[in-house]
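**Student:** Here is how the chains run, residue by residue.
2 protein chains.
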Amino acid sequence: MAKKFNEIHEVTFYECDINGTMTLPMLLNSVIKTSEAQSEQLQVSTDQLQKLGITWVITQHEMNIHRLPKVGQLIKITTQGTSYNKYFCYREFWVQDKETGEQLAHIFSTFVLMDLTTRKMISVPDDLLVAFESEKIKRIHRGPHFHQPTDGAFHQPYRVRFSDIDSNKHVNNAKYLDWMVDCLDYDKLTQYLPQKVWIKFEKEISYGHTIDSFFSQRLLEEHDQFWTDHEIFVEGNRCASANILWRKRK
Amino acid sequence: MAKKFNEIHEVTFYECDINGTMTLPMLLNSVIKTSEAQSEQLQVSTDQLQKLGITWVITQHEMNIHRLPKVGQLIKITTQGTSYNKYFCYREFWVQDKETGEQLAHIFSTFVLMDLTTRKMISVPDDLLVAFESEKIKRIHRGPHFHQPTDGAFHQPYRVRFSDIDSNKHVNNAKYLDWMVDCLDYDKLTQYLPQKVWIKFEKEISYGHTIDSFFSQRLLEEHDQFWTDHEIFVEGNRCASANILWRKRK
Chain G
1 MAKKFNEIHE
11 VTFYECDING
21 TMTLPMLLNS
31 VIKTSEAQSE
41 QLQVSTDQLQ
51 KLGITWVITQ
61 HEMNIHRLPK
71 VGQLIKITTQ
81 GTSYNKYFCY
91 REFWVQDKET
101 GEQLAHIFST
111 FVLMDLTTRK
121 MISVPDDLLV
131 AFESEKIKRI
141 HRGPHFHQPT
151 DGAFHQPYRV
161 RFSDIDSNKH
171 VNNAKYLDWM
181 VDCLDYDKLT
191 QYLPQKVWIK
201 FEKEISYGHT
211 IDSFFSQRLL
221 EEHDQFWTDH
231 EIFVEGNRCA
241 SANILWRKRK
Chain E
1 MAKKFNEIHE
11 VTFYECDING
21 TMTLPMLLNS
31 VIKTSEAQSE
41 QLQVSTDQLQ
51 KLGITWVITQ
61 HEMNIHRLPK
71 VGQLIKITTQ
81 GTSYNKYFCY
91 REFWVQDKET
101 GEQLAHIFST
111 FVLMDLTTRK
121 MISVPDDLLV
131 AFESEKIKRI
141 HRGPHFHQPT
151 DGAFHQPYRV
161 RFSDIDSNKH
171 VNNAKYLDWM
181 VDCLDYDKLT
191 QYLPQKVWIK
201 FEKEISYGHT
211 IDSFFSQRLL
221 EEHDQFWTDH
231 EIFVEGNRCA
241 SANILWRKRK
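Residue numbers (UniProt numbering), protein chains in the order written: chain G, 1 to 250; chain E, 1 to 250.
Rather than coming from a laboratory, the hints here were simulated on the basis of the structure. Among the clues, some could well be false.
To be verified - To spell it out: a stretch of chain E is covered by chain G in this simulated footprint if at least three of its residues, at any positions, have a beta carbon under 8 Å from a beta carbon of chain G; those stretches are:
(1) 122-131
(2) 177-191
Unchecked claim - Stretch-level coverage of chain E by chain G, calculated; a stretch enters the list once three of its residues show a Cβ under 8 Å from a Cβ in chain G:
(3) 78-92
(4) 152-164
Every residue, glycine too, gets a C-beta built ideally from N, C-alpha and C.
Looking at chain G on its own, in the form it has when it is part of the complex:
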């Protein structure tokens, strides 16, 4: 059984939007912060990996959101490096209300290791994950089937800003979700809540790039729900895809 680790996080007003609920990028940022804290505690921090010439790269998140955390709420973020196979490491996050224990979100994330010199994926050294007590498995988690935006989808350009890039000198993954969600209109973003978010990352984006964010909507029979399908391109290359299920606020 993989080691669990948790942190308490106070949701700040600047992690929330006009709805007073945490934005999706900030929810991702806060859980990643917790996984970094676990890695540090187990002395396998990002800094220590970089000294070995390797770093973590996130390739996919599958988020199930029961209730978005609210401004001022104390949330308990629990994580474990659940399992791994030759190339993929699977990490889970549980977000709960600190007081009541109510489950707010569950996130299943896929990480790979990249060689910092070749920028290529490497196979996972067994000894690296000993401290996490992750289970070694053979199975590869295939994840969801992604829907692409339709032809003629709405699209909008975003110039990568200085504040979008992190200490790895590329755009922080969470930012992609910001560019995706911002394409929806004001009414949708105030009247609907994200319920499921599937996002996969294919290419790094750097300072100075201009990205094109595409999205279209997929209606469901349930009139109070719909999916949005998203893709982000830089110069004709797809950098990320996402599907988000929205439901009407009650």
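With chain G fixed as given, assemble chain E onto it according to the hints.
**Tutor:** Frame of chain G; chain E shown alone:
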């Protein structure tokens, strides 16, 4: 002597930029969070004010930065509502390293009260500030003289995004600094650090606006320092001005 209040804040990676130091908008956000916590403790929270039909509006910050907080650092943010006169309330913030007590930044801010219906400034009711034990003064703090960008200054447009607006339904003040600083080039932003920041806010900015961010540079005799002068406009109306003194990283 006005009541002091403090909070410990852990600087997260997503509050920092490529330099591993806290961004100016996030530094402002974190201190404002502390002032809101004090107001809540003294039962004069923003929510309670809004029930009285009024709200706080920040008109100016004067920041002196000795050393920007770093990712992972625990900082102690101390604040007090120092003094007030008929229309203006002056609040100070001190940012220190939690362990060593080293002074990292001092911020002197001016707040006014706005009537939520008329959107006009109102005079400060004495009884509102009793709990803060702020000193009533006659003097008006004039603040610095602002330099304007020169004719032909560099300018860049920014579309207001959904995530830029806060629960007051307008752009969060701190965001203005993001649009200002982003105009500088990559080399400047990695080789220089902000030392002084003066910013004044003149008009609200809303969702759907496109702002124009102007800036020019003012050289000093000391070759390792320079000023940048900034203004932000919406449809020909100035919404904010700022001057920032930068010094070369050591």
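**Student:** Against this structure, judge whether each hint is valid.
**Tutor:** Comparing the hints with the structure gives:
By the rule of at least three residues with a Cβ nearer than 8 Å to a Cβ of chain G, the coverage given for the stretch 122-131 of chain E is violated, with 0 such residues. Counting residues of the stretch 177-191 of chain E whose CB falls under 8 Å from any CB of chain G gives 6; the rule of at least 3 is met. Figure legend: the stretch 78-92 of chain E, annotated as covered by chain G; annotation inconsistent (0 residues with Cβ-Cβ distances under 8 Å, at least 3 required). Only residues whose C-beta sits within less than 8 Å of a C-beta in chain G count toward coverage, and the stretch 152-164 of chain E has 3 of them, enough to reach three; the restraint holds.
Checked against the numbered hints given earlier, this structure breaks hints 1, 3; the rest are met.
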